[in-house]
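2 protein chains.
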Amino acid sequence: MERVGIALLGYGTVGSGVGALLREEAEEIRLATGRDVYLRRVLELPGYSHPDLDPALVIHDFAEIEGDPEIGIVVELIGGVGVAFDFQMRALKAGKHVVTANKQLLAQQGAALLEVADAGGVHLRFEASVCGAIPVIKVVRESLAAAEVASIFGIVNGTTNYILSAMSQTGAQYDDVLKQAQDLGYAEADPTEDVTGKDAAAKMAILASAGFHSRITLADVPHEGVVGITATDVEHGKDLGLTLKLLGVAKLIHGKVTVRVYPAFLPADHPLASVSGAYNAVFLESDSFDRIMLFGPGAGGRPTASAVIGDIISVVNTVQTGFRNCTCYKTLAFASDDDVISTFYLRLHVADRPGALARLTTVFGEEQVSIRSVRQAGRGEEAELVMVFHPVTEAAFARALARIESLPEVLDKPAVIRVEGGYEG
Amino acid sequence: MERVGIALLGYGTVGSGVGALLREEAEEIRLATGRDVYLRRVLELPGYSHPDLDPALVIHDFAEIEGDPEIGIVVELIGGVGVAFDFQMRALKAGKHVVTANKQLLAQQGAALLEVADAGGVHLRFEASVCGAIPVIKVVRESLAAAEVASIFGIVNGTTNYILSAMSQTGAQYDDVLKQAQDLGYAEADPTEDVTGKDAAAKMAILASAGFHSRITLADVPHEGVVGITATDVEHGKDLGLTLKLLGVAKLIHGKVTVRVYPAFLPADHPLASVSGAYNAVFLESDSFDRIMLFGPGAGGRPTASAVIGDIISVVNTVQTGFRNCTCYKTLAFASDDDVISTFYLRLHVADRPGALARLTTVFGEEQVSIRSVRQAGRGEEAELVMVFHPVTEAAFARALARIESLPEVLDKPAVIRVEGGYEG
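Going line by line, the protein sequences match chains S and X. Last residue of the first sequence: number 1800 in this note's numbering, and the count goes up by one each step with no gaps. Last residue of the second sequence: number 1800 in this note's numbering, and the count goes up by one each step with no gaps.
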């Protein structure tokens, strides 16, 4: 029986999970592949040791991996866009297949890596980089390869989904919930990448590239996070039958593509609305397959390691004819704010003076932004207005909003949240 | 560019959908595979014609397909276990890959077909046989190949899910909703296979075979349908925070397997509970990947055709080394009613005489069946008891139930419904 040696770069939560699964599921992997897939080397910084790891497997110099003919697959779990890029490149050029969970690298340097992989006839697989254990990349790249995907909605960041779920359940404010999430290990000490939407944007770039067959990088994905979200808006949403999620939204609009990340309200009965806690889900729409949703754990050492194992098995099991890692064979233009149509929720804090509402509605009317509903909650001299609009271009709404913000009766910065998922209000 | 000819057996809803997608998505398929995949022949009964089909492609003799070297893939959409079996066998023996949506054939004769396919080094793919457009077979066979799947819960029949969703939303009785479903085209004129659970049982046999790597056939899957379901039980479930679904349930219990189909209550916040209408979903649990759910349309010409196209692309794109269609490399024993532990809901119609409840509870106590909750709704001389039990073996509950049914104060046949999904009542 042929043996396939695995080199692990990094032995943190995911790496040790991969090591454990390679041991525990050795027999399953042998049955599934007909090969003996085993841990051959672990690249780790000098000075680190791990109780579950044979020290004889640990090396500190990547050159030992490049030159080892026993190593068929390099699993990069270092993360980041620095040394990880060099190691992946060197591995691919040395004829090793690469499996990785590195979303930022894929989202920023994926094109260069895929090109080298294709040129060398080796695999570059990255299921674990998006939505942990959920096999969304495989499904999009293989099962839906020929389907014209119309839209991809994703809850692709577990930390922010945990935060928004907790805010919705408890009515607590963002800062308190974030603190609690950090205490429980659902948010990192520095949560910037998660709460600003950058993590979600990287994943959406990878997903949209696979779904639309066009190269989309992190820089192409405008992203807002959850930092400004208030319990007030979560509550108003509930009153409207809406659930707040941080959504990645990728759409084809008349042949142009838009990929964005923003907090969005969904109808409470939308399949994505019930995805709570640290779970992820991706919702795909198409004329050919209707709608498909994939749900599962978005992170965690064990589930992410499971996705890495799935990729390892795919690599071992499959030699593709007409081999091609890169499925971005189209070059789609990006939609502008004049192309993208959104439904907006707006909360305004206004001075309750005569004619205030009339002035507001006049501005919206002049900018062709049509109001669907208004709720007013007075509080003495001031009032809170919660407005939902009919679908309108991003550009038109931005123009109206700029004018509204400059009106003297508008007291604070308005809260703006998009509404997705076919809200019929 | 190499060309791959497709032969379609059957040109009904799914077949014409496959034909349409082969035309409309020809360019996408070419980009995804590097080949020119085209409709070469359609086997149809004499006398049938289709406006969207070039009559020159239509043949009536399967031998023309066997002998045609241009045909690489035979797509069997005739259904049933008769001629379809012969055609699949002949195609495989002629060195053609086979793609099919035929669940009954796979569930009953899958082993024989897979053996011939493996021997000939050709693919037998059947994604479209389970859950329409949802790529659950691919995910289970490939992404989760080495994962030890602990359980598979499936809403795998759209007709019954439509019926139960409608009963829940409207409070209507089964017969009325079935009639409506037939009028709307969600149920067939003869709905027997759907409403008895046989359709779901065939799909669960296929799914469980893939998930547990052991051969499970339709005959191994005890199945109950939705025929006896009453609006009363749907309502009582709602009061308990439970949603009624027809579930396929496959579990590994200490190395033994059980696969069953029955109506079951789920907690209303379970991800499967919100799968409504004609949609399907499959929920998988494992120590390694936690929980994954796949959701989508369970039937329909276009979505099912989309799954067929996905399989065609997989076949064209992939040559496996150590080629094996059959992943049932284990032989697991089946769990008995002494191994399977379930939570039961029971509704009894009892004469309201002194000591009746005491006699009931005595029987349950003697059979070690422990009551979690009882609700009584009196109606004059008679009472309705709704009981939920603590988890208990199927065997113990069956013994208790047999004794209960024979008590003189129990007036009608009791309604028994299992409760799944971690109900904490």
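For the record, the hints were derived by calculation from the structure and aren't laboratory data. From a predicted model like this one, the values you see are computed outputs, not experimental measurements. Beta carbons: idealized from backbone N, C-alpha and C, even for Gly. Wrong hints could be hidden among the right ones.
Simulated coverage check for chain X against chain S, where a stretch passes if three residues somewhere in it have a Cβ under 8 Å from a Cβ of chain S [said to hold, decoys possible]:
1) 1642 to 1649
2) 1666 to 1677
3) 1768 to 1778
Selected chain X positions facing chain S (in silico; Cβ < 10 Å) [claimed, not checked]:
4) G1392
5) E1400
6) E1502
7) A1521
8) Y1654
9) F1658
10) A1680
11) D1686
12) I1687
13) I1688
14) K1705
15) V1785
16) P1789
Results of checking the hints against the structure:
With 3 residues bearing a CB less than 8 Å from a CB of chain S, the region 1642 to 1649 of chain X meets the requirement of three and the coverage assertion stands. A count of 9 residues in the region 1666 to 1677 of chain X with a Cβ less than 8 Å from any Cβ of chain S is obtained; the coverage claim is therefore met, three being the minimum. Counting residues of the region 1768 to 1778 of chain X whose CB lies closer than 8 Å to any CB of chain S gives 0, which falls below the minimum of 3, so the coverage claim is violated. Taken as an interface hint, G1392 (chain X) checks out: its beta carbon lies about 9 Å from the nearest beta carbon of chain S, inside 10 Å.
Taken as an interface hint, E1400 (chain X) checks out: its beta carbon lies about 5 Å from the nearest beta carbon of chain S, inside 10 Å. Residue-level restraint check for E1502 (chain X) holds (minimum Cβ-Cβ distance to chain S is 7 Å; threshold 10 Å). Hint status for A1521 (chain X): holds, given a least beta-carbon distance of 4 Å to chain S, under 10 Å. The interface hint given for Y1654 (chain X) holds, since its Cβ lies 8 Å from the closest Cβ of chain S, which is under the 10 Å cut-off.
Taking 10 Å as the C-beta contact cut-off toward chain S, the hint placing F1658 (chain X) at the interface holds, the least distance being around 8 Å. Hint status for A1680 (chain X) relative to chain S: holds, with the closest Cβ pair at about 8 Å, below 10 Å. Checking D1686 (chain X) against chain S: minimum C-beta separation of about 8 Å stays under 10 Å; hint holds. A cut of 10 Å between beta carbons decides the hint on I1687 (chain X): the least distance to chain S is about 8 Å, and the hint holds.
Checking I1688 (chain X) against chain S: minimum C-beta separation of about 5 Å stays under 10 Å; hint holds. A cut of 10 Å between beta carbons decides the hint on K1705 (chain X): the least distance to chain S is about 8 Å, and the hint holds. Because the smallest distance between the Cβ of V1785 (chain X) and any Cβ of chain S comes to about 39 Å, over 10 Å, the interface hint for this residue is violated. At a threshold of 10 Å, the smallest CB-CB gap from P1789 (chain X) to chain S is about 32 Å, leaving the interface hint violated.
Comparing the model with each earlier hint shows violations of hints 3, 15 and 16; every other hint is respected.
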